Each structure stands twice: as structure tokens, then as C-alpha cells.
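J.: Sequence:
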Amino acid sequence: MVFLNTLFRRVLIALLTYVVVNLFIFTVPRLMPGNYVDYIASSRFLPQQAVMELYERFGLNEPFHVQLIRYITNVMFSPKPDFGYSYSFYPYEAWDVIKIYLPWTVLLLSVATIATFILGTLLGFIAAYTKDSILDRLIVGFSIYTISTPYFILALIVLAVFSQYLRLFPAGGAYSESAPQSGLPFIQNILWHLFLPVMAIAIGTSGQFVILTREIIVSNMAEDFYRTAMALGLRRIKILMEYALRPGILPLITLFGIRFGTMMSGALLTEIIFSYPGLGYILYQAILSKDFPLLQALFYMISFMIIATSLILDILYMILDPRIRRG
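Note that the numbering used here has the sequence shown beginning at 24, numbered continuously upward.
No lab work stands behind these hints: they were computed from the structure. Since the model is a prediction, treat every value here as computed from it, not as a measurement. Keep in mind that a hint or two might mislead.
[Unchecked claim] Derived DSS-like pairs (lysine-lysine); straight-line CA-CA distance at most 27 Å:
#1 LYS103 - LYS261
#2 LYS154 - LYS313
#3 LYS261 - LYS122
#4 LYS103 - LYS122
[What the hints assert, rightly or not] Simulated restraints on C-beta separations:
#5 PRO270 - ALA37: 48 to 58 Å
#6 ILE281 - VAL34: 33 to 43 Å
#7 ASN28 - GLU85: 27 to 37 Å
#8 VAL34 - THR285: 22 to 32 Å
#9 ILE137 - ALA73: 30 to 40 Å
#10 THR285 - PHE165: 11 to 21 Å
#11 PHE327 - ARG160: 17 to 27 Å
#12 ARG190 - LEU30: 19 to 29 Å
#13 LEU339 - LYS261: 19 to 29 Å
All C-beta atoms in this analysis are idealised placements derived from N, C-alpha and C, irrespective of residue type, glycine included.
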């Protein structure tokens with residue numbers, strides 16, 4: 024019963040968040056001065072008649088409340104969100120543009136999430152294992168530095184060192200145009216281009232995982248079960264892995280849920296810096312061109328990914344936590 028009540032509250036909170044965020048998604052772009060039609064009219068010196076036709080074609084001549092009602096019916100409560108045509112990618116619809124670029128962001132986030140978890144847990148374990156040593160202080164100091172440094176600065180440092188100076192990896196893009204477009208060579212080329220963006224995100228996100236993992240292990244090392252296991256002659260590394268680290272899985276899941284939004288924003292900034300063809304790259308283009316439909320579609324997808332991931336992690340936490348599972 025406790026599990027079902029908690030699940031219901033989590034789902035309800037997710038739905039309310041979805042509604043509120045969508046209202047912001049619709050309203051905020053329209054608070055920006057000007058719009059796409061004004062932008063192209065000023066740059067191409069269009070006649071007034073052509074400007075009025077563009078306003079009518081894109082529905083910008085309708086009252087605010089009419090546009091809001093259409094957005095609610097076509098997007099918020101529709102199985103297939105319809106944001107209309109993208110201004111800058113016309114005649115493509117905004118949702119079709121999203122479907123082209125979304126897989127690259129999903130790939131980047133998926134690999135970066137795995138890399139962050141492995142890097143954060145591994146360095147945290149090493150820091151705890153070598154507690155109070157020089158290596159421990161170096162790892163903790165570096166982690167604090169990455170936590171306090173913005174993503175775009177870390178991305179620029181990674182780009183400058185490994186691409187411009189050492190020339191080990193490409194400076195941007197998802198793959199080389201001259202490379203084979205299928206088979207194993209194509210996959211290798213994609214991973215080669217993916218390495219630096221993933222490194223930038225993993226370094227920027229893993230710092231808190233390092234600190235939390237270290238603190239979990241160090242605190243468990245002060246417990247009676249740790250001293251008992253040591254007295255029984257068990258290997259120290261085995262004790263730390265099985266008895267000191269395992270209880271820290273739930274706090275790490277909680278931290279990941281808290282940090283996922285930050286990781287998402289970091290991924291979007293990283294895509295812009297590395298010219299990686301994901302949602303962040305076209306988000307930058309849409310902001311410059313005041314492409315309202317594409318902006319709405321992008322913010323919708325980004326917020327949906329964050330809300331859905333948070334809900335999934337909440338459910339996973341409830342399943343793994345015996346206090347909630349057994350009620």
C-alpha cells in the first residue's frame with residue numbers, strides 16, 4: 024500500500040510538472056522581442072503584403088489565447104505532438120526536425136551517462152581505498168574543481184588540449200563526410216568523434232559522484248561490520264566492494280536523478296561547442312532565427328526527457344528500497 028501511494032504521488036507530480044513546463048514552453052518564446060517573420064522581413068526587405076501572408080501562414084496573426092488553445096490540443100494532449108512547420112527548416116515540420124537530430128543527443132547522453140557513472144564510482148572507490156593519501160587529495164581536489172567549473176569551459180579545455188594541441192581527436196561533427204557511411208568503419212568513426220564530447224560531459228558531471236562514493240565508503244569503514252570482516256581476514260578490496268560500496272547504490276541513484284537536468288544542459292552546450300548535430304546544436308540555430316515552433320518542440324522534448332528520466336529513477340528507487348517496497 025505504501026508503494027502504491029508513493030507511486031501515485033510520483034506520477035501525479037510528474038504530470039503536474041509536465042503541464043506547468045509546457046505552459047512555460049509556449050509563453051516564454053513569445054515574450055522575446057520580434058519573431059521569425061520580422062527577422063526575415065528585415066534581412067530580405069520583403070514587401071508588406073508578403074509579410075502579412077507569412078504572418079497568416081505561420082499563425083502569428085492570431086490572438087495569444089487562440090494560439091495557446093491550439094498548442095494545448097495539438098501538443099500537450101495529443102499522441103503525436105504537432106508544433107507546426109519549422110520556420111528555419113521550412114517545409115519540414117518542427118517535430119520531423121527533432122526526429123532527425125534526437126538520436127545523436129540520445130547517443131551522446133547514453134554514453135556520457137555510462138562514462139560518468141564508471142568514472143565517478145571508480146575514482147571515488149580509489150580515493151576511499153587510499154584515504155588520506157596524496158592520491159586521495161588529488162582526486163578530491165580535481166573533483167571539486169570540476170564541480171565548480173562550468174561545462175562550456177571544460178569542453179573548451181578538452182577541445183583545445185586533445186584536438187587543437189595534441190590533434191588526437193576531431194574538433195567537431197558526428198562523423199567524417201569522407202569516411203564510409205556504413206558498417207564497422209562508420210561505427211568506429213562515430214565513436215572517434217564522440218570521444219571528446221563524452222569526455223567533457225563525464226568530467227563535468229562525475230565530480231559529485233566521486234565525492235559521494237568516497238564519503239559512502241569512508242563512512243561504512245567506521246561501522247562494526249567492516250571491522251568484523253577485517254578481523255575475519257577477508258580481503259580489504261572485497262570488503263569495500265561488497266559491504267561498503269553496495270549500500271551506496273540508492274544515494275547514487277538519487278544523485279543521478281538530481282544531476283540529470285544539469286547533465287542534459289551540459290550536453291546541449293557541449294553539442295554547440297563541438298558542432299555535434301544534436302538537439303543543442305539546432306536549439307542554438309532556432310534561438311538565433313526566432314523559430315518558435317522548433318523552439319517549442321525542442322524545449323518540449325528536453326523537458327519530457329528530464330521528467331521521464333526522473334520518474335523512472337523514482338520508481339527504480341522505490342523498487343530497490345525495501346522500506347518502500349515492503350510497505
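J.: LYS261 and LYS122 were given as a pair; does the straight-line alpha-carbon distance stay at or below 27 Å?
T.: 46 Å, violated
J.: Check the hint pairing LYS154 with LYS313 against an upper bound of 27 Å on the C-alpha distance.
T.: Judged against 27 Å, a Cα distance of about 52 Å means the pair is violated.
J.: Would you say the C-beta atoms of ILE137 and ALA73 sit inside 30 to 40 Å of each other?
T.: 51 Å, violated
J.: Do ASN28 and GLU85 keep their Cβ atoms within the hinted range of 27 to 37 Å?
T.: Cβ of ASN28 to Cβ of GLU85: about 43 Å, so the range 27 to 37 Å is violated.
J.: Given the hint of 11 to 21 Å, check if THR285 and PHE165 actually sit that far apart at their C-beta atoms.
T.: At 18 Å between Cβs, range holds.
J.: Please check whether LEU339 and LYS261 have a Cβ separation lying inside 19 to 29 Å.
T.: Since LEU339 and LYS261 have Cβ atoms about 26 Å apart, the given range 19 to 29 Å holds.
J.: Given the proposed pairing of LYS103 with LYS122, does the C-alpha separation stay at or below 27 Å?
T.: With a Cα-Cα distance of about 12 Å, the restraint between LYS103 and LYS122 holds, given a limit of 27 Å.
J.: Can you let me know if the beta-carbon spacing of ILE281 and VAL34 is within 33 to 43 Å?
T.: 19 Å, violated
J.: Honestly, do PHE327 and ARG160 meet the 17 to 27 Å range at C-beta?
T.: 42 Å, violated
J.: Take the C-alpha atoms of LYS103 and LYS261, compute the straight-line distance between them, and say whether it is at most 27 Å.
T.: Roughly 50 Å between the alpha carbons, so the hint for LYS103 and LYS261 is violated.
J.: Are VAL34 and THR285 spaced within 22 to 32 Å by their CB atoms?
T.: 24 Å, holds
J.: Taking the beta carbons of ARG190 and LEU30, is their distance inside 19 to 29 Å?
T.: 52 Å, violated
Violation of the numbered hints given earlier is confined to hints 1, 2, 3, 5, 6, 7, 9, 11, 12; the remaining hints are satisfied by the structure.
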